[in-house]
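The lines below spell out each chain.
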Amino acid sequence: MAPVLRFEGVAVRAGGKTLLGPVTCRLDSPGITAVMGPNGAGKSLFLSAAHGVLDDLAGRVTWDDTDATHSRKSRGFMFQATPVLRRSVWGNIAFALSGQRLAKDDRAARITRALADARLDADPRKPAAALSGGERKRLDLARALVTDPRVLILDEPAANLDPAATAAFEDSLRRISGRGVKILFSTHDIGQAKRLADDILFIDGGQLIEQKTADTFFSKPVSGPAERFLKGLL
Amino acid sequence: MIRLLIVLLALSLPARAEMPFLVLASTTSTQNSGLYDQILPLFTKDTGIDVRVVAVGTGQALRIARNGDADALMVHHRPSEDTFVAEGYGIERRDIMYNDFILAGPADDPADIATASSVTEAIRRIARSGALFASRGDDSGTHKKEQEIWRAAGLAPTGNWYLETGSGMGATLNLAAAKSAYTLTDRGTWITFGNKGPLRRLFGGDWAMFNPYGFIIVNPERFPHAKSDLARTLSDWLVSERGQAAIAGFEIDGFQAFCPNAQGADPAPKHRPTCPAETRK
Amino acid sequence: METLRQAWMLVATGDAALLQIIGLSLRVSLWATLIAAVIGIPLGAALATWRVPFSGVLVVLSTSMMALPPVVVGLIVYLSLSRAGPLGDWGLLFTPSAMIIAQTILILPIILALTREAVLPLRRDYDMLLRSMDAGPILRLRTLIWDARYGVMTAILAGVGRAMAEVGAVLIVGGNIDGLTRVMTTTIALETSRGNLELALALGLILILIAIGVNAAIHLIGRFGRRYEVTR
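In order, the protein sequence lines correspond to chains Z, D and F. Reading the first sequence from the start, the letters are residues 1 to 234 in our numbering. Reading the second sequence from the start, the letters are residues 1001 to 1281 in our numbering. Reading the third sequence from the start, the letters are residues 2001 to 2232 in our numbering.
Just so you know, the hints here were simulated from the structure itself, not pulled from any lab data. From a predicted model like this one, the values you see are computed outputs, not experimental measurements. Some hints could be false.
On the chain Z side, residues computed to face chain F include the following (Cβ under 10 Å) [said to hold, decoys possible]: (1) S71; (2) R143; (3) A168; (4) G191.
Ideal Cβ placement from N, Cα and C applies to all residues, glycine included.
The following block holds chain Z by itself, in its conformation from the complex (with noise of 0.2 Å):
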């Protein structure tokens, strides 16, 4: 049973102004599904809303019923800007473990199941900060993969790798997501969308117009934005 997500009018305003919704649907694929729209239409505060990371929300988010803000232990969550602690690269995955009990040995071998899940095959030992971009973003992955959750939510995850790092990123996902982890990510790359997708929630100035299946979405698409955004006009 994939996890369920609600949005029930969920909206985020700061200065006098709307950024994102209201906004309210549902989402209970199994799949991977792709946020997209153009710059700045609120896709990350989209997903930083469903991940329960926003304060001044009105509306209320829930997956399983349950509040996003109480369940936040049971996802993992890529930040558009990668964040790095100062620590070996070990020890930033490790610190995403941090606050459970666990046995030393179990620790070690989740540690390196995610490093391997990322592709990540930088030595372990090594101060996070000598990773290049690409391993960084990779790390990231390692560290919202080691709590094993349910559910995985990227920001726009492969932004600014080439396309040898991009397409063995996408690779993983795939392979993370046939485990049955429902995914869940932004980006303005329509082919990488093409590739990955199998739902699309298309938002754009804020609001959700559009939520298809891949297919239907770039084949027929209903609205004028969403047409105009597939035509490279956004």
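Given the structure of chain Z, go ahead and fit chains D and F onto it with the hints provided.
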């Protein structure tokens, strides 16, 4: 690393922390002379009581005692001592000993005070010559004595030649040595002072420069926690034969530095005092 | 040269009085640093990471207090611990405990301000992650303090250095009692006032050596810590 830290933290308290003790507020000049270092251990040996001397300027010593932070007070300024007792802060003031002040100055003595007939004459000569004078200016016993001398001479010293350090005797002597200035100092500090430079002892022996010390017990009725019984033990010891002999036996550089006078000296004898002697013992 | 020889002789002969004085200096300063660190490090980290109301006021206050003249702190502590003051019944005046209290107050602002400075750069990256993980306040503080540990260690050493070098506070509240509350700095003051300048200078040299040791440690820690610093 942690172990080193624990060792450092656990450095043991000195043994004196466990004995019965009293706090004696006194002056830096008395402390610096070395008198306490010599006679107080004798007291501790006799009675098993530790004396913790807090040595500060006379004004501060009086203030500490007024706050009840000391159990006994030993300073050398009779008017302040009398006020202290009159206002109910202290009881049983006793004479213990006296020493004297001297005038020190540059070896060439530009004001020619060495030939003066009295201390008021000497101080007038300094004022007239315009030579530099270093004063403590800190409300201490020495400073108050200095002010008495200026008053007796009918002068109020001000001007670029009158330097007020606001500090202890040592700092003032340092300044006097550096600037070849005249200054008033107690004999004990003078003898032990290590940085005399161009300074020499130029005038002394006038009875007006007599410097009596009084021991006062902090009043237990006003300060219930004050250890008046221990203070009384020290007071009794200081005026006893043993204590007075210990004081007389204290020498600085071969000179007897303090003169015991528990019987009370005549405040204004006409002759020069036989103690402290001008010559070595 | 004579001064150096005197200083060396003092140390080499292991003069008991000198060792006792050095020991007391270390004891008072280290205890004060420990207490100030236990209070100041979590407080500094909290100030850096949480949007506390009036945090601006607190920050200005603590950085200003870093510049407090020690003699003023000593005076305030004396007035508090004096029998005529509010805490007189504790009977702590003219004891090493009073000196530890005074020095703790003196270096608490330093440790607090420097810890905050050390933790601030971490805020951006760690904040995101800690929120996303739903980390509780204790885990949050522990993580920040540990990952900023090189800066925090520098804060602690700065506190130790300041404590060992000050004389105004310990002089007033300790009373410079021989064998009980006499530390290196107050001994230097005493010997200077006695005109024993060579002895004072010799002690001063020992103090300078300790200060150099502390600062060398700070420098090495800084170099070591830079390995982990993240640049974008």
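Against the structure, the hints:
Interface restraint check: S71 (chain Z) against chain F, minimum CB-CB distance 9 Å, threshold 10 Å, status holds. Because the beta carbon of R143 (chain Z) sits about 8 Å from the nearest beta carbon in chain F, less than 10 Å, this interface hint is met. A hinted interface residue such as A168 (chain Z) counts as satisfied when its beta carbon comes closer than 10 Å to some beta carbon of chain F; here the least separation is about 22 Å, so the hint is violated. The closest approach between the C-beta of G191 (chain Z) and any C-beta of chain F is roughly 27 Å, which is over the 10 Å cut-off, so the hint fails.
Hint violations for this structure: numbers 3, 4, all remaining hints satisfied.
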